[in-house]
Amino acid sequence: MSKRQQPSRGSMQEFAKSAQNTPNKVRNSENKIPKTSKKAMTSENPEEISKIDELYTMMKSVMAKLEMLDLINERILSVEQNVKSLTKSIEFAHTEVADLKEEMKQRKRTEAKILKENLPKRQETEANKDWDLRTVSRRNREIATEIIPRDEKSKSGKKQRERLVRDKLFINNVEFILDNS
Numbered sequence: 001m002s003k004r005q006q007p008s009r010g011s012m013q014e015f016a017k018s019a020q021n022t023p024n025k026v027r028n029s030e031n032k033i034p035k036t037s038k039k040a041m042t043s044e045n046p047e048e049i050s051k052i053d054e055l056y057t058m059m060k061s062v063m064a065k066l067e068m069l070d071l072i073n074e075r076i077l078s079v080e081q082n083v084k085s086l087t088k089s090i091e092f093a094h095t096e097v098a099d100l101k102e103e104m105k106q107r108k109r110t111e112a113k114i115l116k117e118n119l120p121k122r123q124e125t126e127a128n129k130d131w132d133l134r135t136v137s138r139r140n141r142e143i144a145t146e147i148i149p150r151d152e153k154s155k156s157g158k159k160q161r162e163r164l165v166r167d168k169l170f171i172n173n174v175e176f177i178l179d180n181s
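Those letters in the sequence shown? Residues 1 to 181, by UniProt numbering.
Warning: the hint list may mix true and false statements.
Computed cross-link-like contacts, SDA-like style, restricted to lysine to any residue with a CA-CA straight-line distance of at most 20 Å [unchecked claim]:
(1) K121 to D132
(2) K129 to N140
(3) K88 to S78
(4) K60 to L77
(5) K101 to I90
These are computed hints drawn from the structure, not numbers from a lab. Just so we're clear, the structure is a prediction, and the values are computed from it rather than from any experiment.
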């Protein structure tokens, strides 16, 4: 625990003396304006009073104009602030638009890549569907024109159909067509 040192008694007395000797207010005796009454001023110089009145009205008009200038300055500052905030919001909107454009480009690239990867699979499935539809259509036409006998249970009818499909339609995979029909 440290003990705080107390100032010596002599230093306090010196401080008190110096505080008493310093003046509280600075007095400037050279700039004293004599107090005169209004009556004394009016009776002395009417020309000076008219000049003072003119100066007063001029000062009044100048002050009014200065107030207008201050008002105009405040309005200009508020307009500048509004313009700054508008430019910031426009810049923000432009960056958002640029981001969205980049995002759309990326999305298009991704969709094109996926489509490119899936295209062969889709083509193959579409080709298979097309082939299936064609074979079913051929079969139905042949049945309608009675080229192929309707007795599907008989072996002779099945062999006859196989031979007809192989020879006339030039299809090698006869079992697939006949099994699916």
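> Does K129 pair with N140 here, judged by a C-alpha cut-off of 20 Å?
Replying inline: At roughly 16 Å apart (the allowed maximum being 20 Å), N140 and K129 satisfy the hint.
> Given the hint that K101 pairs with I90, does the C-alpha gap stay at or below 20 Å?
Replying inline: Distance ~16 Å between K101 and I90 Cα, so the pair holds.
>> K60 and L77 were given as a pair; does the straight-line alpha-carbon distance stay at or below 20 Å?
In response: Given pair K60, L77 is violated - Cα atoms ~25 Å apart, limit 20 Å.
> Are the Cα positions of K88 and S78 separated by 20 Å at most?
Replying inline: Status holds; Cα separation ~15 Å.
> Do the alpha carbons of K121 and D132 lie within 20 Å of each other, as the hint requires?
Replying inline: Cα-Cα ~16 Å, so holds.
Of the numbered hints listed earlier, the single one contradicted by the structure is hint 4.
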